[in-house]
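Please model the entire structure based on the sequences and the hints provided.
Just so you know, the protein sequences line up as chains P and E, in that order. If you want the working numbering, it's the position in the first sequence, counting the first as 1, plus 14. If you want the working numbering, it's the position in the second sequence, counting the first as 1, plus 1418.
I should point out that these hints are in silico values taken from the structure, not numbers from a laboratory. These numbers were taken from a predicted model, which means no experiment stands behind them. One should not assume that every hint holds.
If you want the ones that stay clear, here's a sample from chain P, every Cβ over 10 Å from chain E, calculated [to be verified]: (1) Asn66; (2) Asp104; (3) Val129.
In silico PhoX-like pairs for lysine-lysine, Cα to Cα no more than 25 Å straight-line [to be verified]: (4) Lys1470(E) - Lys110(P); (5) Lys79(P) - Lys1446(E); (6) Lys21(P) - Lys1575(E); (7) Lys73(P) - Lys1446(E).
The C-beta atom is built at its ideal place from N, Cα and C for all residues, glycine as well.
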Amino acid sequence: MSQVNVKDPLDQARENAQAFYQKIEAATATNHAQIRTSLEKVSTDAEKVAINLKALGEKQNADAKLHLQLAQAAFEDTAKRAKEALAATDADLKKKNQAVIERARQAVTNLSRAVAARRAGTTKPSKN
Amino acid sequence: MDNYIAVVFPNDAKAYEGLHRLWSLDAKGDVTVHATAVIHRDEFGKIDVATKDTDTGVRTAIGVGVGALLGALAGPAGLATGATIGAAAAVGAAAGGTIGLTADAVKAGEQDEASFETGFVLPAGQSAVLAEVSEDWTTPVDTTMTSLGGRVFRRAKSDVTDDSLFGSDYADYMYPYDYEPHFG
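Written out as structure tokens, the structure is:
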């Protein structure tokens, strides 16, 4: 009988966020039209991620919850910045896109810290 | 506990393997990895950062942020002996950045709390995995990296008094996910 490993929802959310970040990071090497297409998708996807994180927060310990809230806020801001960047001129587009990427990166970092906080709250050997 | 770690390997291939194994430890929940980079010091002392293989060749020369992290890992003795990472950072600065200055600024800021000494040295021709991690105990990382021939150096994040010196480019060099590194 094969064993099925069910991933913790928070771990899964982080993995999804890392994949999301990799995609938008890759868009920096493309042309203006491709960046705009990417930003449209970033805007909707980041909003969806933020909504999913909100639901996850209710089941976490206080420290993990705090980092999740920060991650959620950063993803909401990523979506907002992506929308704003769509209105930018071509001259400003790459700079605005970079700001979107940086905010998404902060979101991923906060999510990673939430995972660390959740793991610290579970039974593991502690002899650092 | 949140730590900065450097794992020194004899070559790039081993460092790449070390990078993947570190992320595997994360996947198992033994450690949480927040960001990683692979660096290499050439025979002239210049340090390069490996980029993701799909990147376009930007981010190859070491930046201020990673230089500062190296300074923080090297500690006061690194500054005193000059032959260790301080010298490497200075070479980086000579190559066109302010890395040496930043690394030294970090170390100068730590002079009053000289209780730490990681002993971190990156010899010429060797590579290292740099990482920011949360770990409940050090055994998983130490055991895994040692089995690959790596030497682990570690400094508590709370001991680094001013990580703002790492600057914004720190995030550019430290990837928050596993990736296939290469040197351009």
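Which of the listed hints are broken here? 3, 6
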